[in-house]
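Asks: Read off the chains here:
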Amino acid sequence: MITLTDVAKSYNSEVSIGPVNLQLPAGGITALVGPNGAGKSTLLTMIGRLLGVDRGAIEVGGLDVSTTKSKDLAKIVSILRQENHYVTRLTVRQLVGFGRFPYSKGRLTLLDEEIISRYIDFLDLGGLEDRYLDQLSGGQRQRAYVAMVLCQETDYVLLDEPLNNLDMRHSVQMMQHLHQAARELGRTIIIVLHDINFACHYADRICAVKDGQIAEFGTPEEIMSDDLLSRVFETPVQCINGPRGRLACFY
Amino acid sequence: MQKKIRRPGTALRTPRVTQVRHGASAFPTSAAKRRYFTILLVMVVASAAFGFGLLAWNNPAPYGSSGFWRIAEMRTTNVIIMAVVAFCQAMATVSFQTVTNNRIITPSIMGFESLYVAIQTSTVYLLGAAGLIAFSGTPQFLFQISVMVTFALLLYGWLLSGKYGNMQVMLLVGIIIGGGLGSVSTFMQRLLSPSEFDLLSARLFGSVTNAEAGYLPIAIPLCLVAGAALWFNARRLNLVSLGRDSTVNLGLNHRFETIKVLFLVSILMAISTALVGPMTFLGFLVATLAYQFADTYDHRFVFPMAFFTGFVVLTGAYFVMNHVFYAQGVVGIIIELVGGSVFLYVILRKGRL
Amino acid sequence: MTPPRAAVSTTATRPEHRFKGRLFDWKLLLGVVGVAGLLMLSLTTGVYDVFGAGDGGQMFAITRIPRTIALVLAGAAMAMSGLVMQLLTQNRFVEPTTTGTTEWAGLGLLTVMIIFPTASIIGRMTGAVIAAFIGTMVFFLFLRRVSLRSSLIVPIVGIMLGAVVGSISTFIALQTDTLQNLGVWFAGSFTSVLRGQYELLWIVALIAVAVFLVADRLTVAGLGEDVATNVGLNYNRIMLLGTGLIAVATGVVTVVVGNLPFLGLIVPNIVSMFRGDDLRSNLPWVCLLGIAIVTVCDLIARTIIMPFEVPVSVILGIVGAVVFIFLLLRQRRRA
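Here the protein sequences come in this chain order: A, B and C. First residue of the first sequence: 2, per my numbering; consecutive thereafter. First residue of the second sequence: 1371, per my numbering; consecutive thereafter. First residue of the third sequence: 163, per my numbering; consecutive thereafter.
These are computed hints drawn from the structure, not numbers from a lab. One or more of the hints may lead you astray.
Unchecked claim - FRET-style restraints, in silico, Cβ to Cβ:
| no. | chain 1 | residue 1 | chain 2 | residue 2 | range |
| --- | --- | --- | --- | --- | --- |
| 1 | C | Leu491 | B | Ile1588 | 35 to 43 Å |
| 2 | C | Ile296 | B | Asp1568 | 48 to 56 Å |
| 3 | A | Asn166 | C | Ile296 | 33 to 41 Å |
| 4 | B | Leu1574 | C | Pro469 | 23 to 31 Å |
What the hints assert, rightly or not - Which bits of chain B does chain C cover? Going by a derived footprint, with three or more residues having C-beta under 8 Å, they are:
| no. | segment |
| --- | --- |
| 5 | 1536-1546 |
| 6 | 1557-1567 |
| 7 | 1705-1714 |
Virtual Cβ for every residue (Gly too), placed ideally from N, Cα, C.
Please construct the entire structure, taking both the sequences and the accompanying hints into account.
Replies: Shown next as structure tokens:
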């Protein structure tokens, strides 16, 4: 369970957060949606302790993120941000291997190598594992980053717009992998998404963020209503029944 | 796919029958590993050859005579100084580029050289020529280093801490402070008498050949301590090179790691500057070459490669200049020129900074 | 298709932007009066008693007036070229000293002095201007080829670039035994500005006028080739024009006066801090403040160790560094 109590942050003149009170239950996928500049990413980075809060407290799995030792938190929660540029050249396998750092402190054991292999296979990167990141396509690289945070084997995985810059096929693949990680590996995944239809289809819960506040929180069925979405996104949205669940139409 | 529902942590611990795959550590393939050790061997051999060449080549006394050894002994000091400088510059630049996440800058532009000049100049200015002569030797050397390290700690600590800590701002402020200190030094130099100025110029124009060998008994242990500390941090440095977000995500205190490494870097840079004076692009040249040669993210392999590369560059340059062009006075500047050209080439070729 | 025309029409369609700040108002008048006061002070400051001594009037005409005119021209020119660079790169921390342009000018000057030791001041100036032009082009080339994560990387690279060029100059100077001269040429100083030696500085007055005329186009070019082409401007031509303006200003000032560090950086930043970003109405202020800062620094340089002088570049280096750091820390708070 992730608990936010009276969390507030003035990030810059455009984005200020809170006060936010929120409880995200463990298990499944929770999608954070909302208009640009609403504060989704800021919330996520604060939960992942990459950004400090001005006021309030955040607990992940019962641990306060501002007081718990970072190395202990690294075994509980992992976060992947949108922009990832590394100055060093790394192969996929080396990158995923960094996910073991909280356990191995950089000395990889046979067991670590074993675990690394499993997550590489989990994201279908087996054939690419010795390729350098700069030799991969955007979709493959994104999978490698996700493999790294999964390899960290944390209960909570936070992902900031992992579908950014992915085409339709790669977006679907990525969501299927995450779905699988939540179901089969029992991870709790919190994900910032822009496409409400992806959120509706793959997420177990949707949290709509607007103006630094939690506007709505509920199951996809509860969230997918015409006036709720129209209000949150400030644009007319109509929800219809598609062949595989509800669809939001907003074109 | 047949995968059971597993709990994280215990999830994937079941050993598999298939062979364990490797490649997450320093080298992805054994060919890459062979390549590394071949290049390292070449560097070691070249180091030995140039080092020995500097000691023995063109020795006027016949080999084996007492005169031969006496001359070789004098030259040994120079070679040791080159080794110390190569060690300082290589370790410091690689570590500095890692924590700043930037492969085109060197720690020497961060105001160290200007601070060195400023300390020397203000010594003459405040104490006069007699003061400068009295204030020399080991205490002077230690004072110099401690002032430089304190300056670095204050600057880095101040700029990197707090809500607005920002690496780029720190770098730029460091460079600008360097420029400002340079102006202050020039100002004070204007006020010196000609004899004082002559004395000062001798101090400021450091080079490997007129470095103060008396500093070595302190410089070498200090170097080794700082170098060892960096070496034992190598695995953390590997992680820090991924940037702040990944470092924090994987459980390290990024700010603490950064300031710790910058502290060690400042010790190494202070030693190098106090020994032989400013060398802006040597570190850059050495680090850039070492990344190419080592081709790994792992600092435990980059560090040795960088050290030997630095030693080969220094000794090679001196050997060639001494015995081929008979122009040893310009070695430092030649290295700067080559380093500077490599710098130009690298920034124009790079797609992103 | 006439590109300049297109540019005029794009700006003319937004009159509210163009005439937001009036070019002349009472504040500007006050500024002019203040600067004039400083210049009067500059005219009357010096060791030689120009009013008492018999040949006072003559000395006044030979040294004081040229010096004061040089202050005006050099201050305005360097402030303007800093502004032009900032417009072209859309980066607030760029100016001739943080991009290596000054070092290139010095290298050009040195080269001419060595190849043609008897070269006239025009010859030296040509060398400096050409080298400054090449250097600025190299820097712009780098900016176009490299995508940057942070705008602060730009001055860092520029200063490193300057260090490379500086080391080349040092090498050449060392080989030709001109290291001492190099130091003298490079230290900006108005001491040697006498009648008969400074007149070339008037060239930079033309630069100031040119900047007034093309400022809008430079801004558009700074937004990138695509934007410039889209509004019908010839991007390459404007970049060449801008680079030429910078090179001429820097080259001439370097040859006649020497290095004036940070002036082009701090002046436009201070002006936009107080007046916002309305380019056209800021231009006279940039000129005025540039003159004012150079004059104040020159007065300090002249009086601080009277009867001797320190190079104004030393004073400007210290003052400029302090202001630059202040600006950086301020930006850090806002970023």
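Asks: So, for every hint listed, does it hold in this structure?
Replies: Here is how each hint holds up against the structure:
no., hint, result
1, C:Leu491 to B:Ile1588: 35 to 43 Å, "36 Å, holds"
2, C:Ile296 to B:Asp1568: 48 to 56 Å, "37 Å, violated"
3, A:Asn166 to C:Ile296: 33 to 41 Å, "39 Å, holds"
4, B:Leu1574 to C:Pro469: 23 to 31 Å, "27 Å, holds"
5, 1536-1546, "holds (count 8)"
6, 1557-1567, "holds (count 3)"
7, 1705-1714, "holds (count 6)"
Checked against the numbered hints above, the structure violates only hint 2.
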